[in-house]
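Same order as they appear, the protein sequences are chains Z and S.
Numbered per the numbering used here, the first sequence spans residues 1 to 481.
Numbered per the numbering used here, the second sequence spans residues 1001 to 1388.
Honestly, the hints are just simulated from the structure, not real lab data.
As the structure is a prediction and not an experimental result, all values here were calculated from the model.
Be aware that one or more of the hints could be misleading.
[What the hints assert, rightly or not] When the alpha-carbon atoms are kept at most 20 Å apart in a straight line, the in silico EDC-like pairs for lysine to aspartate or glutamate are as follows:
hint	chain 1	residue 1	chain 2	residue 2
1	Z	K360	Z	D233
2	S	K1267	S	D1155
3	S	K1218	S	D1207
4	S	K1094	S	D1049
5	Z	K326	S	E1071
6	Z	K326	S	D1313
7	Z	K326	Z	D268
8	S	K1218	S	E1192
9	S	K1294	Z	D268
10	S	K1294	Z	E267
11	Z	K68	Z	D9
12	Z	K326	S	E1315
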Amino acid sequence: MSATSENSDTPLVDDLRAVLGRDRVTVSGTERRLYRTDAAHQRGDTPAVVCFPSTTEEVRSVVLVCRKHGRPFVPRGSGTGLAGGAVPVGSPVVIVTTRMNRVVDVDLEERVAWVQPGVLNLDLTNLVRPLGFHFAPDPSSQQACTIGGNVATNSGGPHCLRYGVTSAHVVGLEVVLPDGEVVELGGPEAEPACFDLRGAFIGSEGTMGITTQVAVRLTPNPPAVMTLLLAFDDLDAAAGCVSGIIASGIIPAALEMMDGEMVSAVEDFVGAGYPRDATAVLLVEVEGLPGGVADEAERVSGVGYSFGARSVRIAEDEAERNLLWKGRKTAFGAVARIMPDYYLHDTVVPRSRLVDVLRKVREIARRHRLLVFNVFHAGDGNLHPLLVFDAREAGVAERVHAAGGEIVEVSLAAGGVLSGEHGIGLEKREYMAQMFTQDDLDAQAAVRMAFDPAGLANPGKVLPAGSRCGELGDLPAGAWI
Amino acid sequence: MNLGIDEDELASCVNCGLCLPHCPTFRVTGAEPLSPRGRISAMRGVQVDGEVVDGAFVEVIETCVQCLGCETACPSGVPFGALMGATRASLASKRRSGHQSRLTRAALGLLGAHGAVLAGARALALGQRLRVVPRRVPLPLLPLRQERLRSTGSDVWLFTGCVMDAVQRDIHQASIRVLDRMGLGVSLPGNEASCCGALSEHAGLTDQARRMASGVMKAMPGESPIVVNSAGCGAALKNYGQLLATGEAERFSARVHDICEFLAQRKTALPPPSSARRTTVAVQDPCHLRHVQKLHESVRAVLQPYARLIELDDEGLCCGAGGSFSILHADLAVAVRELKLRAIERSGAALVVSANPGCSLFLQAAGVDVVHPVQLIDWAISGGPDGR
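The whole structure should be built from the sequences, with the hints applied where relevant.
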């Protein structure tokens, strides 16, 4: 089948159209090609068909059609993933959940909302905020990413330092398993019966089935919030301060770090008054009861000064706070003002090793003649080094890839892990063997096989090639940017 | 095919997807091809990877409302409007001889002939009363008769435009009255300055847009400021410098002000409201004011003394009108408008202000009570009309 023309796989297309009608089954080559990528840098293959179910029953029927034709399927939300989890390998059916965007029920007494997977993360928070609640996981892509995608990658976000990542905020799931069975995992009851398969499913990146409804926990809005911006002239001092704050007994709601290069890029977009001449800044948010918050803010700034902060600014009002956060949350995109491409890692290292690992990351970038920008969840040691480059430059992709590999190596050597919140997807699966023994990988493959014995659910993702029967081979040719 | 897009501009999108929720057509379809990121990716396919320009590609490009909400949202500073403009111009010149293209050119060309616009509006107004205009035509009930506009001096020009002069002349009357109360006499350009050319430019008909721009410039000579009470036209007039690339056009564009911008700069000269009562209104931000001219705050600044303002909770998402978009892509436009109607409903306001004729007509067609900010000021100063 040619990727440039209309799909001529008539039996498959006919069956999908019988379920969804013509409008919600995309066959045009021009349109299908736009689904080769998500927000990561791998370009995959052109999917055979792209379809848009809007109910659980339709998802089930689409999955059954895929099964009948022996076709793999790839679930996709907004396509903001940073590890290529929604990038097609082979010629799969892409199942897009954006039309499943209804908030089904909000139960304020139980503090639970049932939502369809295509509801956008920030839309849910905006909906319940006037009622005094929010959805705590707040990844940088919060305004665009879907809750189904948050479940698939077990997303984090700045405020997960205090509140925990997505798995701590999902009490139950309705999923369509790869054989078409619809099951509920977990549930609003405090202690559901049987195994906690909810925990196994969250973060499975579409390899165990498709989420069709999510029961999320609603978190009460804090009575008072204060946001502090600490500026440093020394990167090591800023990184040291991170551990210092936690060691002083304070768990801030968020504790973020940006290096000077990143600060300048961000400031160009938001104009929030970030100090362009700082070598590093910490963005610290404390929240709780008003008295306690004021006290914590004072202690944080005290720790800051003791680590050599040259200034501590406290956001005056909500508008200023929002602007500071807007800067933080649009940081990845803002680097495009310097170079058009970036490659991003997501390793987590022990907080106490931050100073050391950051230094090594900069050294790796320097050696490979690459620019590196650091913006990350410092409080939980979740690094996001961005290697920025122009993919049109000959040979640069190889250098970026090599540098990325070394960053993973130093992170793992420091006792870290591969991914804090973006997932493994297509992009990081080749590093899995560095992190896990063959026994570990076999065990993970066995769990996955239990859910998906036919290997149709998002094949080629998470586990390295060859880690199970019928596994697809290498990355598609030319995938690397 | 080379779409004539600057290569660095085309490369500047990093695929992050933060534009998606700010794109009206993505909001209603959830489809990547109908999102800014998808559209850029399709442009790259054609210009960089040599993909063919097929019907699907044309659809991807033509279904863009050109609201530029994506530009405001983009942390990377991708100049989406420039990418879309170049692509449309390339498509238009490629299909110059096509039937559809000739029809579009002829229809938009008519906007430059003001007599025809006035006659057409009158025919539509009459047809509405005779119930021969199909309901799906996205227009509210049009006025049968329009009071003549009279020049009051020569301190400022008021750009009167095409459709607006034909069906919303009451907004021009209110503008003249408010400017008059501030001691500013208003000159009118007459029929020479009919259409600003924005719709032609959005359709990629650059030559037609340039001809109209020259006509507009000729009709408003001198040094006086040019006041525009249509956000879309104001954005177009301010862009003449770039469109015509002459010093004369640049000087002309520098004289152009949106009326809210103009009044906000002279707030102290605005008369106080005649009574203490404040009308409650929801503010609808026209995309050409918020995302293009970036002047939406001036609407709030000038209205503050006269009304109790309510913000919509949709972060300036487009209403779906989009110039000729609501006619050419009626289904999509109506779906987008539905989102706006729900936002207005959530706001609880019974009255909406909008500083752009396209938006107000399209919302009025759905039964929303919409006025221009300058009308609200006019009423607040003079104490009428009742019930507002």
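Okay, the hints, checked on the actual structure:
With a CA separation close to 19 Å, the supplied pair K360 of chain Z and D233 of chain Z stays within the 20 Å bound. At roughly 17 Å between alpha-carbon atoms, K1267 of chain S and D1155 of chain S fall within 20 Å of each other, so this suggested pair holds. Using a Cα cut-off of 20 Å, the hinted pair K1218 of chain S and D1207 of chain S holds, with the two alpha carbons roughly 17 Å apart. This hinted pair checks out: K1094 of chain S and D1049 of chain S have alpha carbons roughly 19 Å apart, not beyond 20 Å.
Annotation: proposed proximity of K326 of chain Z to E1071 of chain S holds, straight-line Cα distance about 15 Å (limit 20 Å). About 17 Å separates the Cα atoms of K326 of chain Z and D1313 of chain S, which keeps this hinted pair within 20 Å; it holds. This hinted pair checks out: K326 of chain Z and D268 of chain Z have alpha carbons roughly 12 Å apart, not beyond 20 Å. Pair hint K1218 of chain S plus E1192 of chain S holds up; C-alpha atoms about 8 Å apart against a cutoff of 20 Å.
Among the hinted pairs, K1294 of chain S with D268 of chain Z is consistent with the structure: their alpha-carbon atoms are about 17 Å apart, no more than 20 Å. Of the supplied pair hints, the one linking K1294 of chain S and E267 of chain Z holds, its CA atoms being roughly 19 Å apart against a limit of 20 Å. About 14 Å separates the Cα atoms of K68 of chain Z and D9 of chain Z, which keeps this hinted pair within 20 Å; it holds. For a cut-off of 20 Å, the pair hint linking K326 of chain Z to E1315 of chain S stands: about 14 Å separates their Cα positions.
When held up to the earlier numbered hints, the structure conflicts with none and fits them all.
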